[in-house]
Amino acid sequence: MTAEPLLQVRDLKVHFAVRRGLLQRTVGTIKAVDGVSFDVAKGTTLGLVGESGCGKSTTGRALLRLVPPTSGSVRLGGIDLGALSAGDLRKQRRRMQMIFQDPYASLNPRMTILDIVAEPLGVHGLVKTPRERLEKVAHLMETVGLEPSYMRRYPHEFSGGQRQRIGIARAISLSPELVIADEPVSALDVSIQAQIVNLLTQLQSDLGLTYVFIAHDLAVVRHLSREIAVMYLGRIVERAPAEELFAHPEHPYTQALLSAIPIPDPKIERKRKRLVLVGDVPSPLDPPTGCHFHTRCPYVMDRCRVEAPALVECGEGHFAACHLEEVPALEIA
Amino acid sequence: MALLEVHGLKTHFSTEEGNVRAVDGVSFHVERGEVLGIVGESGSGKSVTSLSLLRLIPSPPGRIVAGEILFESSPGKKEDLVRVSEARMRAVRGDRIAMIFQDPMTSLNPYMHVGEQLVEVLELHKKMKRPEARQKAIEMLKAVGIPAPQQRIDDHPHQLSGGMRQRVMIAMALLCEPDLLIADEPTTALDVTVQAQILELIQDRQKALGLGVILITHDLGVIAKMADRVAVMYAGRIVEEGPVDVIFEDPRHPYTIGLKSSIPRLDAVRGGTLTPIPGMPPSMARLPPGCPFHPRCAHAIARCKEVYPDEREIPAEDGRHLVRCHVEDLAAGSVAS
Numbered sequence: 056m057t058a059e060p061l062l063q064v065r066d067l068k069v070h071f072a073v074r075r076g077l078l079q080r081t082v083g084t085i086k087a088v089d090g091v092s093f094d095v096a097k098g099t100t101l102g103l104v105g106e107s108g109c110g111k112s113t114t115g116r117a118l119l120r121l122v123p124p125t126s127g128s129v130r131l132g133g134i135d136l137g138a139l140s141a142g143d144l145r146k147q148r149r150r151m152q153m154i155f156q157d158p159y160a161s162l163n164p165r166m167t168i169l170d171i172v173a174e175p176l177g178v179h180g181l182v183k184t185p186r187e188r189l190e191k192v193a194h195l196m197e198t199v200g201l202e203p204s205y206m207r208r209y210p211h212e213f214s215g216g217q218r219q220r221i222g223i224a225r226a227i228s229l230s231p232e233l234v235i236a237d238e239p240v241s242a243l244d245v246s247i248q249a250q251i252v253n254l255l256t257q258l259q260s261d262l263g264l265t266y267v268f269i270a271h272d273l274a275v276v277r278h279l280s281r282e283i284a285v286m287y288l289g290r291i292v293e294r295a296p297a298e299e300l301f302a303h304p305e306h307p308y309t310q311a312l313l314s315a316i317p318i319p320d321p322k323i324e325r326k327r328k329r330l331v332l333v334g335d336v337p338s339p340l341d342p343p344t345g346c347h348f349h350t351r352c353p354y355v356m357d358r359c360r361v362e363a364p365a366l367v368e369c370g371e372g373h374f375a376a377c378h379l380e381e382v383p384a385l386e387i388a
Numbered sequence: 045m046a047l048l049e050v051h052g053l054k055t056h057f058s059t060e061e062g063n064v065r066a067v068d069g070v071s072f073h074v075e076r077g078e079v080l081g082i083v084g085e086s087g088s089g090k091s092v093t094s095l096s097l098l099r100l101i102p103s104p105p106g107r108i109v110a111g112e113i114l115f116e117s118s119p120g121k122k123e124d125l126v127r128v129s130e131a132r133m134r135a136v137r138g139d140r141i142a143m144i145f146q147d148p149m150t151s152l153n154p155y156m157h158v159g160e161q162l163v164e165v166l167e168l169h170k171k172m173k174r175p176e177a178r179q180k181a182i183e184m185l186k187a188v189g190i191p192a193p194q195q196r197i198d199d200h201p202h203q204l205s206g207g208m209r210q211r212v213m214i215a216m217a218l219l220c221e222p223d224l225l226i227a228d229e230p231t232t233a234l235d236v237t238v239q240a241q242i243l244e245l246i247q248d249r250q251k252a253l254g255l256g257v258i259l260i261t262h263d264l265g266v267i268a269k270m271a272d273r274v275a276v277m278y279a280g281r282i283v284e285e286g287p288v289d290v291i292f293e294d295p296r297h298p299y300t301i302g303l304k305s306s307i308p309r310l311d312a313v314r315g316g317t318l319t320p321i322p323g324m325p326p327s328m329a330r331l332p333p334g335c336p337f338h339p340r341c342a343h344a345i346a347r348c349k350e351v352y353p354d355e356r357e358i359p360a361e362d363g364r365h366l367v368r369c370h371v372e373d374l375a376a377g378s379v380a381s
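From first to last, the protein sequence lines stand for chains A and B. Per the working numbering, the first sequence starts with residue 56, numbered consecutively. Per the working numbering, the second sequence starts with residue 45, numbered consecutively.
These aren't lab readings, by the way, just hints derived from the structure by calculation. Any given hint could turn out to be false.
[To be verified] Taking CB as the label site, the calculated pair distances span:
(1) E361(B) x E174(A): 56 to 62 Å
(2) S230(A) x S205(B): 40 to 46 Å
(3) G263(A) x L100(B): 26 to 32 Å
(4) R208(A) x S118(B): 54 to 60 Å
(5) H70(A) x E355(B): 55 to 61 Å
(6) L340(A) x P119(B): 48 to 54 Å
(7) A342(B) x A141(A): 49 to 55 Å
(8) R207(A) x D198(B): 55 to 61 Å
(9) N153(B) x E212(A): 34 to 40 Å
(10) R208(A) x M149(B): 55 to 61 Å
(11) P353(A) x I358(B): 32 to 38 Å
(12) N153(B) x R360(A): 36 to 42 Å
From the three backbone atoms N, C-alpha and C, an ideal C-beta is built for every residue, glycine too.
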């Protein structure tokens with residue numbers, strides 16, 4: 056990579072204090088994100104995957120400072136967002152926007168589509184006249200595949216897929232450089248998911264957007280991402296170019312995750328070998344010592360219980376955090 | 045004789061928007077020891093179908109208006125569940141036909157220990173005494189892979205993880221050794237590594253007990269892994285049905301073909317665009333005339349807008365392959381464009 060990446064994240068941590076009782080004493084800390092680092096080059100997509108509680112959504116929110124990071128740095132185009140004053144941060148927010156999972160909960164039911172999509176434009180003073188506002192919104196609606204004449208309607212008059220398009224129109228209204236998409240298709244019906252995935256791909260190439268795509272569905276993530284980071288209990292356990300990650304998963308958790316996903320082909324399913332994990336993801340309130348994955352890892356060694364492995368490069372651009380010298384290879388299909 | 049035969053089932057709801065024909069003439073059967081997968085999107089009627097089988101449709105507004113549900117409750121004896129008394133239905137439910145739901149948190153009683161909930165089933169259906177029932181419940185928790193069942197049996201549901209709760213639901217469903225298990229999106233609320241465990245558990249129990257299973261899901265991957273036969277539902281009817289290999293390799297209904305080409309695959313080459321199905325599922329209160337899929341179908345002909353297609357059988361090597369589509373020469377390759 057020659058140019059400086061658009062997004063640089065270094066050792067990002069987000070810890071939440073857990074308070075109990077009448078005096079609200081701190082009884083513990085949830086390390087939702089615990090030292091996460093990655094770069095995203097301009098115009099590309101980083102997929103952030105993992106199961107519930109792994110910290111992928113919190114990471115996404117911390118990038119935009121929707122939750123305050125405990126430590127670490129986030130640089131957008133070289134600017135350290137943590138060092139900015141509130142006013143300067145607000146100006147930078149134009150450059151980064153978010154698309155949420157639930158298109159039912161993320162749109163104000165009392166606002167028309169016009170008002171929803173135009174709100175960020177007004178906040179940032181980007182439209183001067185009502186006419187300009189109408190034109191801009193109409194253009195945005197066309198861009199995301201919505202009929203502009205629907206702009207005076209309310210969110211409840213639209214289907215889930217259309218609402219997600221509204222959310223996308225709002226997100227791109229400020230011509231951002233970075234878009235964080237947090238499970239943008241997981242609430243949608245299968246036949247609609249592909250429409251939204253294609254729209255996101257189209258917008259990326261038309262507008263040069265950079266995505267951090269957060270999802271639990273690895274097939275969708277693979278389809279969209281250049282690079283993928285796999286998270287487990289607040290840490291990245293493996294990061295690699297998408298093709299490489301699927302061809303040669305190095306971390307036992309990545310292997311288990313890939314082999315757990317059923318492939319829509321009965322002949323392949325019948326002869327697939329699986330690495331089935333035992334147990335559930337442990338509570339982030341009390342994560343296992345050493346490598347967080349050791350309680351479920353089929354290859355666990357003594358060292359794993361006491362020492363957390365560092366993320367080290369094991370191939371070109373391929374990083375994994377595992378003490379094992381060699382993890383037995385696993386073909387996913 | 046099949047374990048379950050459903051003929052022409054219609055379940056309608058009267059709503060403010062009019063009569064909603066959520067299930068509108070559905071026929072299928074399930075053999076002992078067989079997994080029938082029912083696929084469909086939200087609103088396709090797959091869950092209403094399963095609730096109708098157990099007569100759990102809230103009435104009003106819902107009502108089974110036509111059809112029969114023939115269930116072989118003991119060898120050679122068929123009962124039409126649409127017509128049996130409510131008392132008889134209560135005896136069948138949970139005993140001969142059991143059901144597991146998507147969200148175990150809302151289907152377990154939060155105030156009761158899981159043990160009590162299991163014991164209650166045995167007391168009710170098997171007239172067991174408490175100590176014996178408790179022993180049987182512990183055995184069943186062990187069989188579904190709950191560690192330390194002697195201790196866990198006295199836990200409340202909230203003390204268990206999502207995966208463990210779904211295991212409890214499965215244990216409860218299997219307590220009375222039912223003939224038929226209906227699983228409605230049993231793993232949708234779970235993480236994938238836990239989903240894999242639960243699917244293997246269902247498969248293992250199904251094989252061990254020779255259960256008939258109706259597995260309802262929107263996930264074609266889950267269907268490919270689990271099902272012997274598949275029924276695809278759209279707008280209240282089964283539009284295609286056949287053995288799992290046939291449905292995946294030689295689908296004939298444009299909707300089935302469209303579903304297949306719209307999902308990204310884990311083992312596919314990256315890049316390229318997906319081929320989505322255009323438009324969106326219709327409102328069940330205002331179904332288009334003719335074939336309800338025609339507004340989204342690239343192959344629709346004039347007749348599709350007027351007449352609902354009859355069932356047509358397509359020659360298949362193993363088992364019956366049925367499709368409801370007017371366009372006869374559709375094959376998998378021809379719809380990709």
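Structure-inconsistent hints, enumerated in ascending order: 3, 10, 11
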